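**Student:** With chain A held as given, fit chain B onto it using these hints.
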Amino acid sequence: MPQLDFATFAPQLIWLTLVFGVLYLVMARVALPRIATVIEERRDRIADDLDTAAQLKSDTDDAIASYETALAEARTHAHTIAQETRDRLTAETDAHRADLEGQLAARIADAEKRITATKDQALTSVRDVAVDVADAITQQLLGDSDRAAAERAVDSELA
Amino acid sequence: MSAADQESGGLGIDPMHQFEVHAIIPINLGGIDASFTNASMWMVFAAVGIIGLTVFAMGGRAMVPGRWQSIAEMSYEFVANMVRDNVGKAGQSYFPFIFTLFMFVLFSNMLGMLPYSFTTTSHIIVTFALALFIFLGVTIIGVVKHGFHFLSLFVPKGLPAVLLPLIVVIELISYFSRPISLSVRLFANMMAGHTMLKVFAGFVIGFLGAGGLFTGLAIAPIAFMVAFTGLEILVAFLQAYVFAILTCIYLNDALHLH
Numbered sequence: 262m263p264q265l266d267f268a269t270f271a272p273q274l275i276w277l278t279l280v281f282g283v284l285y286l287v288m289a290r291v292a293l294p295r296i297a298t299v300i301e302e303r304r305d306r307i308a309d310d311l312d313t314a315a316q317l318k319s320d321t322d323d324a325i326a327s328y329e330t331a332l333a334e335a336r337t338h339a340h341t342i343a344q345e346t347r348d349r350l351t352a353e354t355d356a357h358r359a360d361l362e363g364q365l366a367a368r369i370a371d372a373e374k375r376i377t378a379t380k381d382q383a384l385t386s387v388r389d390v391a392v393d394v395a396d397a398i399t400q401q402l403l404g405d406s407d408r409a410a411a412e413r414a415v416d417s418e419l420a
Numbered sequence: 004m005s006a007a008d009q010e011s012g013g014l015g016i017d018p019m020h021q022f023e024v025h026a027i028i029p030i031n032l033g034g035i036d037a038s039f040t041n042a043s044m045w046m047v048f049a050a051v052g053i054i055g056l057t058v059f060a061m062g063g064r065a066m067v068p069g070r071w072q073s074i075a076e077m078s079y080e081f082v083a084n085m086v087r088d089n090v091g092k093a094g095q096s097y098f099p100f101i102f103t104l105f106m107f108v109l110f111s112n113m114l115g116m117l118p119y120s121f122t123t124t125s126h127i128i129v130t131f132a133l134a135l136f137i138f139l140g141v142t143i144i145g146v147v148k149h150g151f152h153f154l155s156l157f158v159p160k161g162l163p164a165v166l167l168p169l170i171v172v173i174e175l176i177s178y179f180s181r182p183i184s185l186s187v188r189l190f191a192n193m194m195a196g197h198t199m200l201k202v203f204a205g206f207v208i209g210f211l212g213a214g215g216l217f218t219g220l221a222i223a224p225i226a227f228m229v230a231f232t233g234l235e236i237l238v239a240f241l242q243a244y245v246f247a248i249l250t251c252i253y254l255n256d257a258l259h260l261h
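Protein chains in written order, with the working numbering: chain A, 262 to 420; chain B, 4 to 261.
Isolated chain A (complex conformation) (with noise of 0.2 Å):
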């Protein structure tokens, strides 16, 4: 059994030590340490990664609440601004119509107050005309005439 061979066992302790100490030094000082590092950036940059992630999300979040917001204003403006005019074209035609009414009715008081004139001229004139007419019939007739009583005639028959 070559494993039993004292001869052997000297140089196999003497390099198992040197071996394994140089190893244990390499990987205590140089191999663990950036084996750690690495794997430690890793987990900070993932988790970085992940509250930009949560970042953006809650970002978008309020942008589209502020988004929706400025959309409810807008409608209400909108919806006030068509009110408004609504409400003063309403007032304007009003005031114009009322306007209008009042100078047709001014107009009509006045026409009608010229047409009473006028039928009061000619309801003079009537009287006259029927006076003169009278007159010269009874004028023509009689050969005499009574201006007079024939005035009272007519106006009692008008009347």
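Don't read these hints as lab results, they were simulated from the structure.
It should be emphasised that the depicted structure is a prediction, and the values quoted were computed from it without experimental measurement.
Incorrect hints may have been included.
[Claimed, not checked] Chain A regions said to be covered by chain B (calculated; three or more residues, Cβ under 8 Å):
1) 268-277
2) 398-407
[Stated by the list, open to error] Counterexamples of contact, computed for chain B against chain A with all Cβ distances above 10 Å:
3) I30
4) I35
5) S120
6) H126
7) V129
8) I143
9) P159
10) G161
11) E174
12) N192
13) I222
14) G233
15) L249
16) N255
By construction, the Cβ of each residue, glycine as well, lies at the ideal position given by its N, Cα and C atoms.
**Tutor:** Showing chain B alone in chain A's frame:
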């Protein structure tokens, strides 16, 4: 050689030959033989492989790891979890040692699976040196940390006074046999597996050499060897894992006293 020849059926194949240590560069340090042997060479290969994996494969330090970097990181996480689960936070400062130990045993075992290689962990002196170092280290840590109270490790809690002498003796024996069980487990597993493979390889050559009807029979030991090589790779990993986890458990005992 002749005795070994007879052991393997006189087929001219010595299954123990693979374990022989021979000097490649003879070195003599003041009367002590410190030759660079084939065993030393494969230790160096293991160390170079580990450094290659953990230092150079990590060279990119990529945020998204490649294949080799992933293996290095997985090894790191694997051992880190082992230490965390078995020793807890106090074990953090021993993590580099456990990692080096696990990787060294794993690489030695795995390199031993290569044809024409040498399995450094198949030598009792190597595994015993590691186990003894661990045993002494763990004992010193325990004594430094707990002082005289460290002896309570040998007295289980709630023990009836009558049983005390018996149990303490058993606990002491079990404690002091730790380096032996730890080293023999690894060494015996590696040696037995490799010897078995060589013996069956001998059968293959024997059958082929016999010729005729026996040539066809050679397929049986070949099939067995293929399956057994798979098992050996599993054992190579498992023994490294067992070695490291037992070290963690011993360390935990020393740090936390049951």
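**Student:** With reference to the structure, classify each hint as holding or not holding.
**Tutor:** Verification of the hints:
Against chain B, the segment 268-277 of chain A contributes 10 residues with a C-beta closer than 8 Å to a partner C-beta. That satisfies the three-residue criterion, and the hint holds. Counting residues of the segment 398-407 of chain A whose CB lies closer than 8 Å to any CB of chain B gives 0, which falls below the minimum of 3, so the coverage claim is violated. For I30 (chain B), the non-interface assignment is contradicted: its Cβ lies about 8 Å from the closest Cβ of chain A, within the 10 Å cut-off. Annotated as non-interface, I35 (chain B) brings its C-beta within 10 Å of a C-beta of chain A; the closest such distance is 6 Å.
Distance to chain A confirms S120 (chain B) as a non-interface residue, since its nearest Cβ pair spans about 15 Å, more than 10 Å. For H126 (chain B), the requirement that its beta carbon stay farther than 10 Å from each beta carbon of chain A is not met, with the minimum near 5 Å. Once the 10 Å rule is applied to beta carbons, V129 (chain B) is inconsistent with being away from chain A; the minimum gap is 6 Å. Every Cβ of chain A is farther than 10 Å from the Cβ of I143 (chain B); the closest lies at roughly 17 Å, confirming the non-interface assignment.
The Cβ of P159 (chain B) lies farther than 10 Å from every Cβ of chain A, with a closest approach of about 34 Å, so its non-interface assignment holds. Listed as outside the interface, G161 (chain B) is consistent with that label: its C-beta sits roughly 40 Å from the nearest C-beta of chain A, beyond the 10 Å cut-off. Every C-beta of chain A lies more than 10 Å from that of E174 (chain B), the closest at about 30 Å, which supports listing it as non-interface. With a closest Cβ-Cβ approach of about 13 Å to chain A, N192 (chain B) is found to remain outside the 10 Å limit, as its non-interface label requires.
Once the 10 Å rule is applied to beta carbons, I222 (chain B) is consistent with being away from chain A; the minimum gap is 31 Å. Even its closest Cβ contact with chain A, about 25 Å, leaves G233 (chain B) beyond 10 Å, as expected for a residue assigned away from the interface. Every CB of chain A is more than 10 Å from the CB of L249 (chain B) (nearest about 18 Å), matching its label as outside the interface. Against the 10 Å criterion, N255 (chain B) stays outside the reach of chain A, whose nearest CB is about 20 Å from its own CB.
Of the numbered hints given earlier, the model fails hints 2, 3, 4, 6, 7; all others are met.
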